[in-house]
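Asker: The chain contents come next:
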Amino acid sequence: MVVPEHRVSRLSAFGIAALGAALIVIPFLSSTTGLRQTSQIIVSVLAVLGVNIATGYGGMISLGHGVFVGVGAFATGYYVSDLSLPWLVAIVLGAATAGVFGALAGLPALRIRGIHLALVTLGLAIVFRPLSKRFPSITGGVSGRSIEARFDAPGWWPGDSRMASSVYRYLFCVLIVLLALWATWNVVNSRFGRSMRALRDNPTAAAVYGVDLISARVTTFALSAALAGLCGALQVVLVPFVSQDKFPAQESLIIYASAVVGGLGTIWGSVLGVLARTVVGKLGEVAAEFDGLGPVGEFFSLLDDSAFVFGFGLILLTFLFPRGLAGIRRRGGITQ
Amino acid sequence: MDYVLLLQRIFDALFNSAIYSSLALALVIIFRSTGLLNFAQGEMATFTAYIAFVLLSGPQPRLTGGGLAGLIPGVPFSIPLAIAGAVICGMLVGAATERALIRPLGGASDLALVNITIGLLLATNSLMAQWWGTGPRFFPSIFPTGAGQHFMILGARLRYSTVGVWAILLSVLVLLVLLLRHTRAGLAFRAVSISPSNAELVGVRVGPTLMYGWALASGFGALAACLSANSVLLEPSMMLRVLVYAFAAATLGGLDSPKGALVGGLIIGLSQTLIPAYVPFIGFELSVLPALVAMVVILLIRPAGLFGTKRIERV
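If you read the sequences in order, they're chains F and U.
With the first letter of the first sequence counted as 1, position 332 gets the number 332 in the numbering used here; the numbers rise by one all the way through.
With the first letter of the second sequence counted as 1, position 298 gets the number 298 in the numbering used here; the numbers rise by one all the way through.
The reader is advised that the hints may include incorrect statements.
[Stated by the list, open to error] Derived CB-CB ranges, DEER-like:
id: 1; chain 1: F; residue 1: ALA21; chain 2: U; residue 2: PRO136; range: 26 to 36 Å
id: 2; chain 1: U; residue 1: THR134; chain 2: F; residue 2: ALA21; range: 33 to 43 Å
id: 3; chain 1: F; residue 1: ASN202; chain 2: U; residue 2: THR309; range: 18 to 28 Å
id: 4; chain 1: F; residue 1: SER12; chain 2: U; residue 2: LEU81; range: 54 to 64 Å
id: 5; chain 1: U; residue 1: ARG184; chain 2: F; residue 2: SER12; range: 53 to 63 Å
id: 6; chain 1: F; residue 1: LEU283; chain 2: U; residue 2: ILE10; range: 26 to 36 Å
id: 7; chain 1: U; residue 1: PRO136; chain 2: F; residue 2: GLY141; range: 18 to 28 Å
id: 8; chain 1: F; residue 1: SER143; chain 2: U; residue 2: ARG157; range: 51 to 61 Å
Derived by calculation from the structure, the hints in this document are not laboratory data.
The beta carbon of each residue, even a glycine, is placed where N, CA and C say it ideally should be.
Could you build all of it, start to finish, from the sequences and the hints given here?
Answerer: Take a look at the structure:
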């Protein structure tokens, strides 16, 4: 795992080409609603990537990244509507705010390790909803608030129909996600990325080689939270409405599960995890049609719920492919 | 300061304390023997509360969820019998979980153990939502809970249900201590939780012993869920918040100390009621925040908790 993944294998090249083609074709095939849903799926890669950075590269188990998605969304909504900042600034600040929260949340991770950190982050995920209800002026309290500002296409954008705006938002999200993936790839293959992984594999040895444990851990956590926050910010771009009930603890757990199922420790894995979640969701919708097949139909209707499939998948993959979907071809244990 | 009100709040808190203590005990028994935090403990417990619910309501497919409809006995159970049935089911589920999911991993990394328990949490939660729906359901109390069902002590009301739940918890604890101190299985369990490899060398069968441990723990969890389902209303996620309190209690008392779980549960239960009552910002809904803060602080400054064993690591 210490060898940087500079070379792109043939399979990954094929996958990237297929995904790229899909990204180009999608706007021509979908309605405005479909396009928005697709954008939301693409955006959710960032949250999964955030968990991947903290857990896969940094070795700090986080069950609470839904919290940072929430912070990013609430903050962006606040900046753009209450402070009337331009969207781009609000998005960057929203992600940065989540990063700051992540750094604060990462402070306990300096001393709390492994399974205890998982416990603390799970607690964070559970406390987030009631806590956000306490600040109704920013979060809209129990019922949420809609953001008056809209992320619309600028004047030079061809066409002014709703569809044109949707396409604009879609392309914007795709661009940001690709940029974030590229930046993350660079970070994990940089000097900092290597010290991050050294810290995961053997903290003592890393410290001996001159890695500053404190700053590396806090930075890793902040970076991973900022990615999740960016996901939240883009959610506000797509749907100008924020509400605490979008961020239940289960959502954090599903984000974590997507990261693990896709494959920790590879960027590609996070994309795969989201793809898996999407495919499972679609299969579930299809399966829900088959009502009245008795026990068989009942089993299929369970597939309708991605929480069940991911829970089940998490257990299954831990036994069969500990490296997740991205690592099916390389069987073997996780280096931890 | 209104002392009668304070006493009343303490009495009210004691009920939750007992619930947290027993779930914390479940967590501690498993952590002590297997070294893992069972994040799925709450959902496993909720599942058994649904089993009790099914046993109580008799053959009504509307309530039971298709999957279990064929297994329902013809006559509704009485409440104590239904809870006993749920506890037995819980023990079987716990033992099966250890045997099927934990033992084959054979001391894998923290990450793998977290994955298994989180997977179990998600899968069980959505299974319950699928079978029984997400709406809250009324679960009868085993104790009389009517308007006049309480003792008056110094002007404050101590409910029969609070006394009852502590009576049950303490008597089960006495049984547990007797089991651990005076039976061969108990001796084996104590040996395994101190050192699995040494226990194996002197002929203790580690695997089955751990399985009994999981069964015991899940029994405690089931009891906690069945006794609290009346006050929090039965729904698939009902134990998620309770789990945070129980983890806070277990951490506070020391994750490997049963005595600590009891004391921790008491303290967390009291603080859960008293802090929101006297700190306006916290309020009822945020009462889980002090528990989380307590947990983080304990893990930071004294990871062994009040009664836990300090771990010394060689560098």
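Asker: Taking the earlier hints as the rules, which of them does this structure contradict?
Answerer: 1, 6, 8
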